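**Student:** Residue-level listing of the chains:
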Amino acid sequence: MEEELLEEILASYRGDRGELVPILQEVQDNLGYLPEKSMVDIAKFIGVPESHVYSVASFYAQFRLLPLGRKRIAVCRGTACHIRGAPQILNRIEKTIGLKEGETSDDLEYTLETVACFGCCALAPCIRVNMDVVGEMTSEKVDELFPPVIEGVKNDQ
Amino acid sequence: MTNEQKSILVGLGTCGISVGAEKVFSSLEKEVSNLNLTENIHVKRTGCQGFCQQEPIVVIEPEGFFYTKVNPDDAVEIAHSILLGGKPLERLFYREPITGKPIPHYRDIPFYSKQERILLKNCGKIDPEDIDDYLTVGGYQALRKALLEMTPEEIILEVKGSGLRGLGGAGFPTGLKWEACRRTTCEEKYVICNADEGDPGAFQDRSVMEGNPHSVLEGMIIAGYATGARNGLIYVRAEYPLAVKRLKIAIEQARQNRFLGGHILGSEVDFDIEIFQGAGAFVCGESTALVRSIEGKRGRPKPMPRARTTEIGLWNRPTLLNNVKSFANIPLIISNGSEWFAQKGTEKSKGTAIFSLTGKVVNCGLIEVPMGINLRKIIYDIGGGIPGGKALKAVQTGGPSGGCIPADMIDTPVDFDSLTKIGSIMGSGGMVVMDEDTCMVDVARYFLDFTRRESCGQCVPCRLGTKQMFEILDDITKGEGRPEDMDLLIELGEAIRRSSICGLGRTAPNPVLTTLRYFRDEYEAHIYEKRCPSGVCRVRKGSD
Amino acid sequence: MEKISIKINDQDIMAHKGATILETALANKIYIPHLCYHPDLKPAGSCRVCLVELDDGKLVTSCRTPVKEEMVIKTKSAELDKVRRPIIEMIIANHHMDCKNCAKKGRCELQRIMGYMKIDKKRIQQNLRFPKEELPLDDSNPFFIRDHNKCVLCGICVRTCQEIQKVSAIDFAGRGYSTKIATLGDKPIAQSRCESCGECVVRCPVGALVPKNLRRPSHEVKTICPYCGVGCSIVLGIRDNVVVNVRGDADSSVNSGRLCVKGRFGLSFVNSQDRLTSPLIRISSNKNSSLVTRHPSLFREVSWDEALDLVASKLKNYRGDEFALIASTKCTNEESYIAQKFARVVMGTNNIDSSVRLCDAPSITALLKTNGINALTNSISEIENAASILIVGANITQSHPVIGLRVKKAVENGAILIVVSPIEIDLCGFAKVWLRPYPGTDLALFMGMCKAILDGELHDNAFIQEKCENFEDFKNSLDDFPSGKVERITGVSRDKVASAAKIFATNKPSAILWSSGLTQYSHGTDNVLGLINLSMLTGNITKPSYGINPLMDHNNSQGVCDMGCLPDFYPGYQAVDQPEMRKRFKSIWGKDLNPNPGLTLTGILQDTLEGKIKAFYIMGSDPVSNIAGSHKVKEALKKAEFIIFQDIFLNDTAQFADVILPAASFAEKDGTFTNTETRVQIINKAMEPIGNSRPDWEIICNLAERMGSRGFDFNNPEDIMSEIASVTPIYRNISYNSLRKGSLKWSDLAETSLTGQNGKYKFTPLQYRPPAEVPDVDYPLILIAERDIYSDGILSQKVDGLKALRAKRLVYINPKDATDFEIKNGEVVRVISRWGEIEGQAVVTTASPPGLVTMYLLEKEINQLINPSPDPAAKTLETKICAVRIVPQKES
Ligand SMILES: Nc1nc2c(c(=O)[nH]1)N[C@H]1C(S)=C(S)[C@@H](COP(=O)(O)OP(=O)(O)OC[C@H]3O[C@@H](n4cnc5c(=O)[nH]c(N)nc54)[C@H](O)[C@@H]3O)O[C@H]1N2
Ligand SMILES: Nc1nc2c(c(=O)[nH]1)N[C@H]1C(S)=C(S)[C@@H](COP(=O)(O)OP(=O)(O)OC[C@H]3O[C@@H](n4cnc5c(=O)[nH]c(N)nc54)[C@H](O)[C@@H]3O)O[C@H]1N2
Ligand SMILES: Cc1cc2nc3c(=O)[nH]c(=O)nc-3n(C[C@H](O)[C@H](O)[C@H](O)COP(=O)(O)O)c2cc1C
Ligand code: SF4
Ligand code: SF4
Ligand code: SF4
Ligand code: SF4
Ligand code: SF4
Ligand code: FES
Ligand code: FES
Ligand SMILES: [Mo]
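Protein chains in written order, with this note's numbering: chain X, 1 to 157; chain B, 158 to 701; chain G, 702 to 1593.
Since the hints were made in silico from the structure, they are not lab data.
The structure displayed is predicted, hence computed values, not measured ones.
Note that beta-carbon positions come from the ideal geometry of N, C-alpha and C, so glycine has one too.
Accuracy of the hints is not assured; some may be wrong.
[To be verified] Calculated cross-link-like contacts (lysine-lysine; reagent style DSS-like; alpha-carbon spacing at most 30 Å): (1) G:K1209 / X:K44; (2) B:K687 / X:K100; (3) G:K743 / B:K454; (4) G:K1525 / X:K37; (5) B:K578 / G:K783; (6) G:K867 / G:K923; (7) G:K1197 / G:K1244; (8) G:K881 / X:K44; (9) X:K44 / G:K1203; (10) B:K459 / G:K775; (11) X:K95 / B:K635; (12) G:K708 / B:K459; (13) G:K822 / B:K687; (14) G:K1525 / X:K44; (15) B:K635 / G:K823.
[Stated by the list, open to error] A partial selection of chain X residues facing chain G, derived with a Cβ cut-off under 8 Å: (16) M39; (17) E50; (18) Y54; (19) S58; (20) F59.
Let's have the full structure, built from the sequences with the hints guiding it.
**Tutor:** Given below as structure tokens:
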């Protein structure tokens, strides 16, 4: 299935070098991460070495080389958030879900990551759960807000 | 029932949405339709109102009532209040923080009244997803004028005359850049809008794109005509999905209205714009790294000596690269004339500056002020001072490339040159206010943590230097610093500053060097007394 | 070149305009610290340690900044030191500093910088922070170690692999402080596309990439790689009579210092425990026993005298056509010359051939027919300047890797590459056009292209009129190749044929390269003739970078033919059946010569089987493993009465030997090899022969003398070369004196014109014949055997590292066929032909088109699958393909 999806995605591109990043983005959007096989195929498709695709994929923060959890929690580590207590928020979340920054739970339920800045700095500190940014976090709010946020995501799916 | 047309504006920028503005918007729509008022009341989506902290914000026009922190449940009441002859809902008014006095109109709120909103004027007023709204406020008039009444040379003269300096950080005169690009003979040229906005703590480019995307497009099209480029590209960072969505809609609508594509407005000019989404790398804001990243490569800046991007840029073609706000200023300059623009600001920094005012300040949000205004006015008059009666300690501008300006220097005017003089920079407009509870060593450590991650890793001084400085600072915050470390940081900082390839490395030591310069006592407390004066760091007492 | 004057450290210097400051300084013996600069590569400007100070106080990186008139440069100053010292100190702090135990010590750029800058390590120790964890070593490659802890991320390895090797197995990965050099997925290098060429290893400035088991040589000797026909020039490093190191010879026009894995890391076979060290005589009559040949119950060690006396006395009984000699593509020209002279003069027979018969003979036959001489028409280095390159039936990056580099370089220089191959090979990735004909149908493809060129009037009429003959006949024969028919025969669409023809005809000069994918068919000679027709039609011949270039197989395949180890030619392609030639050789060799052309390798085996040939001299060759239809070869050898086996190792053929003579390897003797471009190159003795082994020429000369023949009393190979030059017109100008000054390409020197007898190239009208081997219902698939860069005969098997790296026994099969035959990726399958079967692991891939399966040609068992038909002209066997069926192993 992955293979067909990949083929389908590639079919909508010309195979130019400049399409590398957009292709990686689309593949990741669809597969959740960039399986090694997909990088090999993409390399071939646009005519660059495999190591180059890996090199590019590993350069950009957006790309994931391992499968991600269904719920991706990203904590902002931007300046405004840092000043207003993001480290404590991160700490609290790490405790709550039992993962460290950059980790994914074995059951692929959660991934916890940090992100440079969402651009919602006025509402610092912020976190993002999947696509939704949640502003004005407090340590207390993590406990109180967290389960419902996660529940909400579950219901959406 | 009155026949008067009313609008309910709901701020639907990323910031508003993150605190539930979408729900507010839909319940307002629902309520208005329940009341069969859709004819008379227009519930309108707008971009960021600027006062992000008070989101969700709802503005009632034409009266200009300004409701803050609106709940979806408030929708019924808001709709009814308008129905009932426009009697405003006082409980949702913004309140003067100290006196608690409600202020009904946004024009009376100090946060707004002390600003000079030119560029942001229509952000938060118009529907960013509706080109007609932009047209009714005079949108694309500048393009019409430029294309039909002016030669490229005249446009460039106008831009040069305005004194506009690039708002992406470096402050390079925009007109000169355009001229250089115009002069190249290559058939194929590119105009790129730098919307990477990587400074953590800055979001003004996002707000412009979300709130008034057409102003950016209009500036770019004029640039295309002026430089002779036919291809435009907006490089937006990955974390800005809403900006991408609105830009896409705007591009589509502009095409339909023949502002983009072939024979724009019936002229001989062709220009089109595509969007390229960055993939998360701060360094890609640097022009050559940005170009490489579009070319499908690692975003590694090119070392000197190298050709200028205006000569050899994307796909080795001449390329004009400007910041979002630089482009958004262009229609204003063309419509109002360079003199109008040049009147604003200072001798060497013209026009206005936009800042993302955040951190320990009462009013957080997006502000636009004339160049040359001092920090005090920004923090106290617009920002409303420091919350909780705490003392101001420092202001950080310019993000990881900038520096920390101590409280006793807040009368420094805010312009390119003055900030550079005191060790910081304008940068792309992040302004983070720090109070007495902020540890400056921790702040320095924080920035070096950022740059060591975001360094492209290409050159030794930046790759190893940011790592080395981070580790030293980390040791200091843990109480494991050594007295020699302070001099060492300065020594390393100087070497990194002078030998790194690009601006990232060359400016990475700034946060350390400025905090060492202005807050040395805090370092000393950590090192000698194993104590964090602000109580932020977990200093390990007794260890060394 | 224009010169400009600059000042470095108050010294006035004339610099080349366009040079960088660093290049200028180094050329003038002024050292500037540097890490990421390498003269072979584009400057990266990333390490920042090469900073210099200009007179305006600016610091610039000297490796990227060009010199300018009147420039004043300081390479040392207090300002510079302030910036440069912390950079170096941070590198050192981040580096696993262990010079004492480091393989790079003494030749390390970082060490050199430390010395130059007088770095105070104690200060670093006290001040700077050190990495908290150590990264694991990557020792997956048998030949070198990657140590991230010593890597300074100069990127030289990455750029080498990109710019020189063009493999790009590695690149930078991650960013910021966690940047590292990585393969795809950061897996061990052995699991990547790395070809183990070692080019990166020799360039790494520090100890991050170092050869394993490094020993420093006590002396170095220049010689030639003994593997493939490229003939790379190498410098052997010797210590205690052991080859401990190999370097590429940067001055060589063949390889410019480059080497493939076999040349760089594959020469330890010289000191293999398995080397033959003593003559052996059979004591048991039990041939073809499963016992190891070395077993004492089969053979006993004897002295040279005893062995040679036995051979001499035996051979006296088989004079004339009862004797045959199989010469070696591995031995020197001098040894090959002696071998054929022995057969012709001492034994009185022309039954001399070599394994050239198995692949290159159709090329030789065709070239002699059209050009009158067996030589390619380009030099290896010219390939880089071609406007287009046509590669047919050659997997060059595996089989002639260093020529492969030239092809890639040419593409980088803008050449258009056209690849003709049914299988996807590495070079397809560099090709503008990849034509994928059904196996064995190339002739139709070439004729179709010729027709398209003529129809489009893209041919070179002037050249044809002036330089060629037989054009009308040829033109008429094209009527037989209408585009529809060509499409049907080859499976290549007519549009593609036409567009390839157009590209080929309009991008000149074009270099044409081919090898066994074209020749190992029962119509191999016609295939080559078709390709030559195509080249003549467009005038792509005999001008620089225009040309037809068969890639000869081994280090001395060209030489062994030049030397007359051919049944129908004396040295220099002088026909045996021409009385005046025979007379000449008789007068020089002083003996009546057999007037009848001898038998080819295939004929020899047939006659042996029929009992007509009774005695055999096998010199550096392994017919039992290498000739397809091995069962027949074994039968024949079993039948022979007396077999002399002269080799450096015991191979599978040795078990049929009566006498085994241990030869000295290339490293242990003097001589010359002639590479595929007819370049005659000296090999120099670098060490003493192992055990009691002796150079082949010495053995045969000694034997000839024991048999009472004169004319074998040579003192050294140099003397032999004088005789060669005197009897061989194409070698007339070759002498050791001239070769010592530099190698010579005889096709450049020979007075013989490269064109046929009457000075013209001859067009050949041709008809298409399908391959002899055809699939049917029972054997519906075609098996093609491919070469693998890591394996080449027994020599590579004696190198543990090559053995570890060599391709596994894999069966590549198209997804469609896999579905049809119910085969899953990774499962073990049986490949069954009409004659035998072999096992392998299935790899489902589109690299093989439907209907085709591929395996690596490293398993000698493959030769049991085939019962090949010979090409009527060259007698080369159709070994390239074989009809098979594939079944999952579990169905057995
Ligand atoms: N590493 C290594 N190098 C070697 C050798 C070795 O054993 N190992 N051996 C040496 C020897 S003896 C020789 S002869 C050379 C051989 O050198 P090559 O001929 O380059 O080696 P092969 O792998 O046999 O490649 C033949 C190519 O032709 C393709 N082919 C097969 N059938 C057809 C066909 O009908 N038409 C076309 N157009 N292509 C076809 C095959 O798919 C394959 O890619 O290599 C020499 N170099
Ligand atoms: N399975 C399989 N079959 C093949 C091939 C294949 O790659 N795989 N390739 C085919 C082709 S195209 C060819 S050309 C033939 C090649 O067939 P061969 O010419 O038989 O090649 P090798 O097996 O390399 O045998 C060379 C022999 O020379 C010996 N030798 C090396 N140096 C010296 C020396 O200095 N003196 C002496 N006296 N001996 C030396 C080696 O030990 C080795 O035994 O094989 C053909 N058959
Ligand atoms: C590390 C680094 C990051 C940068 N990031 C940005 C950015 O996010 N947005 C931006 O407009 N300019 C950024 N710049 C500046 C650009 O290189 C360039 O000067 C600018 O986009 C030009 O536009 P302007 O002339 O309109 O300012 C960055 C520069 C550096 C060195
Ligand atoms: S200074 Fe930093 S970001 Fe810039 S090129 Fe060097 S390593 Fe990369
Ligand atoms: S790489 Fe160089 S500096 Fe490092 S341990 Fe080895 S010899 Fe010493
Ligand atoms: S392995 Fe060697 S050549 Fe490669 S980057 Fe590291 S130090 Fe440089
Ligand atoms: S050994 Fe050769 S192929 Fe392998 S990584 Fe180094 S340069 Fe590349
Ligand atoms: S290309 Fe051939 S001659 Fe050159 S090193 Fe490799 S095997 Fe030896
Ligand atoms: S700093 Fe956290 S959203 Fe910008
Ligand atoms: S040698 Fe010049 S920057 Fe590395
Ligand atoms: Mo061969």
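**Student:** Taking the hints in turn, state whether each one holds.
**Tutor:** Evaluated hints:
With a CA separation close to 29 Å, the supplied pair K1209 (chain G) and K44 (chain X) stays within the 30 Å bound. In summary, the hint linking K687 (chain B) to K100 (chain X) is supported, as the alpha carbons are separated by about 28 Å, within the 30 Å threshold. Between the alpha carbons of K743 (chain G) and K454 (chain B) the distance comes to roughly 17 Å, so the proposed pair stays at or under 30 Å and holds. With a CA separation close to 17 Å, the supplied pair K1525 (chain G) and K37 (chain X) stays within the 30 Å bound.
Proposed proximity of K578 (chain B) and K783 (chain G) is supported: the alpha carbons are some 23 Å apart, at most 30 Å. Distance restraint check for K867 (chain G) and K923 (chain G): the Cα-Cα separation of roughly 27 Å lies within the 30 Å cut-off, and the hinted pair is therefore satisfied. The suggested pairing of K1197 (chain G) with K1244 (chain G) holds, with an alpha-carbon distance near 28 Å, which does not exceed 30 Å. For a cut-off of 30 Å, the pair hint linking K881 (chain G) to K44 (chain X) stands: about 23 Å separates their Cα positions.
Restraint check for K44 (chain X) and K1203 (chain G): satisfied, since their Cα atoms lie roughly 27 Å apart, inside the 30 Å limit. Taking the CA atoms of K459 (chain B) and K775 (chain G), the gap is near 24 Å; set against the 30 Å cutoff, the hint holds. Under the criterion of a C-alpha separation no larger than 30 Å, the hint pairing K95 (chain X) with K635 (chain B) is consistent with the structure, at around 22 Å. Of the supplied pair hints, the one linking K708 (chain G) and K459 (chain B) holds, its CA atoms being roughly 28 Å apart against a limit of 30 Å.
Distance check on the hinted pair: K822 (chain G) and K687 (chain B) sit about 29 Å apart at the alpha-carbon level, within 30 Å; holds. Distance check on the hinted pair: K1525 (chain G) and K44 (chain X) sit about 23 Å apart at the alpha-carbon level, within 30 Å; holds. Between the alpha carbons of K635 (chain B) and K823 (chain G) the distance comes to roughly 24 Å, so the proposed pair stays at or under 30 Å and holds. Given hint, M39 (chain X) at the interface with chain G, holds; its Cβ is 6 Å from that chain's nearest Cβ, closer than 8 Å.
With its C-beta approaching chain G no nearer than about 4 Å, E50 (chain X) sits inside the 8 Å limit, and its interface hint holds. For Y54 (chain X), the interface hint holds, the least distance from its beta-carbon to any beta-carbon of chain G being 5 Å, beneath 8 Å. Taking 8 Å as the C-beta cut-off, the interface hint given for S58 (chain X) holds, the closest approach to chain G being about 4 Å. Nearest Cβ of chain G to the Cβ of F59 (chain X): about 5 Å, under the 8 Å cut. The hint holds.
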